[in-house]
Amino acid sequence: MHAKRNDKIATVFIYIFVAIVICILAGILGEILITGLPHLSWHFLSSSASSFQAGGGVRDQLFNSVYLLILTIAISLPIALGAAIYLSEYAKDNWITNTIRTSIEILSSLPSIVVGLFGYLLFVIQFNLGFSIISGALALTFFNLPILTSNIEQALEGVPQSQREAGQALGLSNWKTIRGIVLPAALPGILTGIVLSAGRVFGEAAALIYTAGQSGSTIDYSNWNAFSPTSFLNVMRPAETLAVHIWKVNTEGIIPDATIVSAATSALLVIVVIIFNFGARALGNMLYRKLTASNTK
Amino acid sequence: MSEKNDDLKKVVNQALAEQKVPHVKLDKMKPSTVDIDKLTKPSKETHQEYWGKGLTFLAIVLIILLVVSIIGFVGEHGLATFFSDHVNIIHFLTSTDWDPTQGKNHVGALAMIVTSFLVTLISALIAAPFAIAVALFMTEYSSKRSAKFLQSVTELLVGIPSVVYGFLGLTIIVPAIRNIFGGTGFGILAATLVLFVMVLPTITSLTVDALKAVPTELKNSSAALGATRWQTIYHVILRASTSRILTAIIFGMARAFGEALAVQMVIGNAVLMPYNLVSPSATLTSQLTSQMGNTVMGTLPNNALWSLALLLLLMSLLFNFLVHLIGKKGKK
Amino acid sequence: MDDLKKEPTYIKTFSSDELALSTKNLSVLYGGTIQKLFNVSLGFKKNAITALIGASGSGKSTFLRSLNRMNDKVATVKGNIIFHGLDVNKPNINVYELRKNIGMVFQKPNPFPKSIRANITYALKADGQKDKQKLDQIVEESLRAAALWDEVKDKLDKSALALSGGQQQRLCIARAIALKPEILLLDEPASALDPVSTAKLEDTLKQLRSRYTMVMVTHNMQQASRISEYTAFFHLGHVLEYDVTSNVFTNPKGRITEKYIQGSFG
Numbered sequence: 000m001h002a003k004r005n006d007k008i009a010t011v012f013i014y015i016f017v018a019i020v021i022c023i024l025a026g027i028l029g030e031i032l033i034t035g036l037p038h039l040s041w042h043f044l045s046s047s048a049s050s051f052q053a054g055g056g057v058r059d060q061l062f063n064s065v066y067l068l069i070l071t072i073a074i075s076l077p078i079a080l081g082a083a084i085y086l087s088e089y090a091k092d093n094w095i096t097n098t099i100r101t102s103i104e105i106l107s108s109l110p111s112i113v114v115g116l117f118g119y120l121l122f123v124i125q126f127n128l129g130f131s132i133i134s135g136a137l138a139l140t141f142f143n144l145p146i147l148t149s150n151i152e153q154a155l156e157g158v159p160q161s162q163r164e165a166g167q168a169l170g171l172s173n174w175k176t177i178r179g180i181v182l183p184a185a186l187p188g189i190l191t192g193i194v195l196s197a198g199r200v201f202g203e204a205a206a207l208i209y210t211a212g213q214s215g216s217t218i219d220y221s222n223w224n225a226f227s228p229t230s231f232l233n234v235m236r237p238a239e240t241l242a243v244h245i246w247k248v249n250t251e252g253i254i255p256d257a258t259i260v261s262a263a264t265s266a267l268l269v270i271v272v273i274i275f276n277f278g279a280r281a282l283g284n285m286l287y288r289k290l291t292a293s294n295t296k
Numbered sequence: 000m001s002e003k004n005d006d007l008k009k010v011v012n013q014a015l016a017e018q019k020v021p022h023v024k025l026d027k028m029k030p031s032t033v034d035i036d037k038l039t040k041p042s043k044e045t046h047q048e049y050w051g052k053g054l055t056f057l058a059i060v061l062i063i064l065l066v067v068s069i070i071g072f073v074g075e076h077g078l079a080t081f082f083s084d085h086v087n088i089i090h091f092l093t094s095t096d097w098d099p100t101q102g103k104n105h106v107g108a109l110a111m112i113v114t115s116f117l118v119t120l121i122s123a124l125i126a127a128p129f130a131i132a133v134a135l136f137m138t139e140y141s142s143k144r145s146a147k148f149l150q151s152v153t154e155l156l157v158g159i160p161s162v163v164y165g166f167l168g169l170t171i172i173v174p175a176i177r178n179i180f181g182g183t184g185f186g187i188l189a190a191t192l193v194l195f196v197m198v199l200p201t202i203t204s205l206t207v208d209a210l211k212a213v214p215t216e217l218k219n220s221s222a223a224l225g226a227t228r229w230q231t232i233y234h235v236i237l238r239a240s241t242s243r244i245l246t247a248i249i250f251g252m253a254r255a256f257g258e259a260l261a262v263q264m265v266i267g268n269a270v271l272m273p274y275n276l277v278s279p280s281a282t283l284t285s286q287l288t289s290q291m292g293n294t295v296m297g298t299l300p301n302n303a304l305w306s307l308a309l310l311l312l313l314m315s316l317l318f319n320f321l322v323h324l325i326g327k328k329g330k331k
Numbered sequence: 000m001d002d003l004k005k006e007p008t009y010i011k012t013f014s015s016d017e018l019a020l021s022t023k024n025l026s027v028l029y030g031g032t033i034q035k036l037f038n039v040s041l042g043f044k045k046n047a048i049t050a051l052i053g054a055s056g057s058g059k060s061t062f063l064r065s066l067n068r069m070n071d072k073v074a075t076v077k078g079n080i081i082f083h084g085l086d087v088n089k090p091n092i093n094v095y096e097l098r099k100n101i102g103m104v105f106q107k108p109n110p111f112p113k114s115i116r117a118n119i120t121y122a123l124k125a126d127g128q129k130d131k132q133k134l135d136q137i138v139e140e141s142l143r144a145a146a147l148w149d150e151v152k153d154k155l156d157k158s159a160l161a162l163s164g165g166q167q168q169r170l171c172i173a174r175a176i177a178l179k180p181e182i183l184l185l186d187e188p189a190s191a192l193d194p195v196s197t198a199k200l201e202d203t204l205k206q207l208r209s210r211y212t213m214v215m216v217t218h219n220m221q222q223a224s225r226i227s228e229y230t231a232f233f234h235l236g237h238v239l240e241y242d243v244t245s246n247v248f249t250n251p252k253g254r255i256t257e258k259y260i261q262g263s264f265g
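Residue numbers (numbering that gives the first Met the number 0), protein chains in the order written: chain A, 0 to 296; chain B, 0 to 331; chain C, 0 to 265.
Derived from the structure by calculation, the hints contain no laboratory data.
Note that the coordinates shown come from a computational prediction; the quantities given were computed from them, not determined experimentally.
Take the hints with a grain of salt, since some may be wrong.
Sample of chain C residues with no beta-carbon within 10 Å of chain A, all distances over it, derived [what the hints assert, rightly or not]:
1) LEU85
2) ASP126
3) ARG143
Which chain B residues face chain A? A few, computed with CB under 8 Å, are given here [unchecked claim]:
4) LEU156
5) ILE179
6) LEU287
7) VAL295
8) THR298
Glycine included, every Cβ here is placed at the ideal spot set by N, Cα and C.
Please model the complete structure; the sequences and the hints are all you need to start from.
Shown next, in the form of structure tokens:
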């Protein structure tokens, strides 16, 4: 009868633990959304941050976050795609491949502050790019590369081997088979992987505080000349993102409404992460259906 | 009249001509003659293959170059403290006197090292049982639907930016500690609790993978022998997945050890040997975060910070190594 | 092993102008140590169907896949493969050109997730065929040759994945012969199909027999006896018997062959 009693005790304990965790999770999400959402107004999204008064918004930070995200994906995608294709299609099972895989694992496990400091050393100081969007985008690329590579590799490995054999048996080169057959078939998975990694990039701050900088400059959204210092497109200007903004107003901010601003910004970040998470899944499912549906080309 | 007729004829003829589909004579499919010369010469495909392999390998080379240069650069600057500023490495690891602006005898990182390990170990140790319980619940107890729901919530929590966790710690945990224990509320306890919440989803989702990897036949045969659910879990499922659960915990610890901003926001940032859990302290990451901007490149205070970064890097290599080691043992 | 040495083997040979493809002492090793095939020397007669039979793991699929160098990546293939007087198992051989001349159809139908038309034209376009009219002509010709044209002529631009398994497999045959190969290698092409689709596939193969040299791996003895002219029996990586199909099935020389054939028909 010991066994039955132990079983009951274990069950009770597991339920208690789970209940506690659920309370914590609900508390976190609730706290963020309940305290943040009321302040998440159009005014907040469309006005610029104030440096010492209450009532500032996050317009520039929001734009910077999006701009950095786009640049980061644009730089990291070709590299990650190449690396993933090499690993899943060309790499033989030998020590070289093992070394490559270990390097990628190391890169993915490096603390983001270390990646950020390396970016600071190399781009901000060595290459004299200063605190700038481009330095930030490159640091985020390093941060993003390993995870994007392994996401894409997984998507590629999900394509049945028989598809590759079909291409090879027709006298196609592996490269042509990959480009024309394997990549299109893996597209849903690849896009899901990109969106998921985008969520991480969007909320990253530690890699940015010493690369993209902690302050913004005056931005003119009507200036389309990317080389002008005030243009919103200029990649050489320092740029504070949403996540960095939260960190900054809380640690050294002097604005009186730091808590409100952070709460609203946190809610904004969390909403974006939710959208990315569910968007990734929905996008993947939609593309998958489209690809396997009977009426497509 | 005749002109009109001619015009009409022209138009009709043209229309008729367009109507006629050029007749394709269908042949029976037959092999073409083999061009033996082609078999020994490189073709378009051969070149495509060179390009494809070359281009993709270039991406790999870039990544390896990146890893090597990160380790190289951080190593170079981190070691400068010992080789060009002549700080004694033993002193660095064992002294708690941290004030690099005062010269090479005041570069002791022990307080930060101890604090980093403390917050990492405590948070992972608290999180592990919760994570395992939730993972067991998701794989063995709950319905598929609620497991799926919990899974997406877990994934969502993994994705929440660390500054958001730091901010929550700052507005909820720190005041709560202040009310209960007095003091400022900043300190190891606050950092541990924040990290606990951060690593919980990480460990949980990896543990779920570990539990799912246990073969169903194993579970069924145990149940068929009349074992209770808990006996099956304890003697079969947890035994079979021990090494992967350990790996999950190490991943959680690696995340905790390397987390910078969330910790920096709640720990108080005073480089002091922690004498209790509610006094302000500093970790390797928090010190790096708050001080890097205040030092000048190439000076001792700056190099000393790079030594902290090097320590972080070495620890992350160690975590990696541990994961590999456990993975290898688990396979045997 | 000793049993095998005592076993009487019979390997039929052809004169060189009858041969489409032949192997000499072909051996295959996996991982450098595990030998799956031992010195197999077989010749395949032009414009005939040759069946390769034998139990699972006897090496017949390994042998087949070596013929158009599909094993290059996973195994070491030693020995000679003679095609038009050329040893095509040499490193300097352009495998892409070789595979255009020696096509292959696999166990499970594997059409590309593209339209029926694109499935056939994809490799042709990659090969440099740009003329749309010519492409349309080849699509029709190869689909007719694979006895699929009447079933799909109105939905050429629909996805190939919407076809039934049997239709997909015939599409794979059409796709292979669109490149006008001399030889078709078939790796258990009917094993994933229902009896009706199998019958249709066999009809197709019979129609192609007069123009193509075909080598087919099969588990199904009835199938081998129905459509093949020659049969080779594989056992543990060796060929024990290779002869006219009727001889192998009704009058096997070796005991192991006899046992296998009786058991399989059983």
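Right, here's what the structure says about each hint:
Here LEU85 of chain C stays apart from chain A, with its beta-carbon at least about 16 Å from theirs, past the 10 Å limit. Annotated as non-interface, ASP126 of chain C brings its C-beta within 10 Å of a C-beta of chain A; the closest such distance is 7 Å. Consistency note on ARG143 of chain C: stated as away from chain A, and its beta-carbon is indeed over 10 Å from all of that chain's, at 19 Å minimum. The interface hint given for LEU156 of chain B is met, as the beta carbon of that residue sits about 6 Å from the closest beta carbon of chain A, less than 8 Å.
Interface hint status for ILE179 of chain B: violated, as the beta-carbon distance to the closest one in chain A is roughly 17 Å, over 8 Å. Against a cut-off of 8 Å between C-beta atoms, the interface hint on LEU287 of chain B holds, since the closest Cβ of chain A lies about 6 Å away. With a least beta-carbon distance of about 11 Å to chain A, the hint placing VAL295 of chain B at the interface is violated under the 8 Å criterion. Taking 8 Å as the C-beta contact cut-off toward chain A, the hint placing THR298 of chain B at the interface is violated, the least distance being around 13 Å.
The earlier numbered hints that this structure contradicts are 2, 5, 7 and 8.
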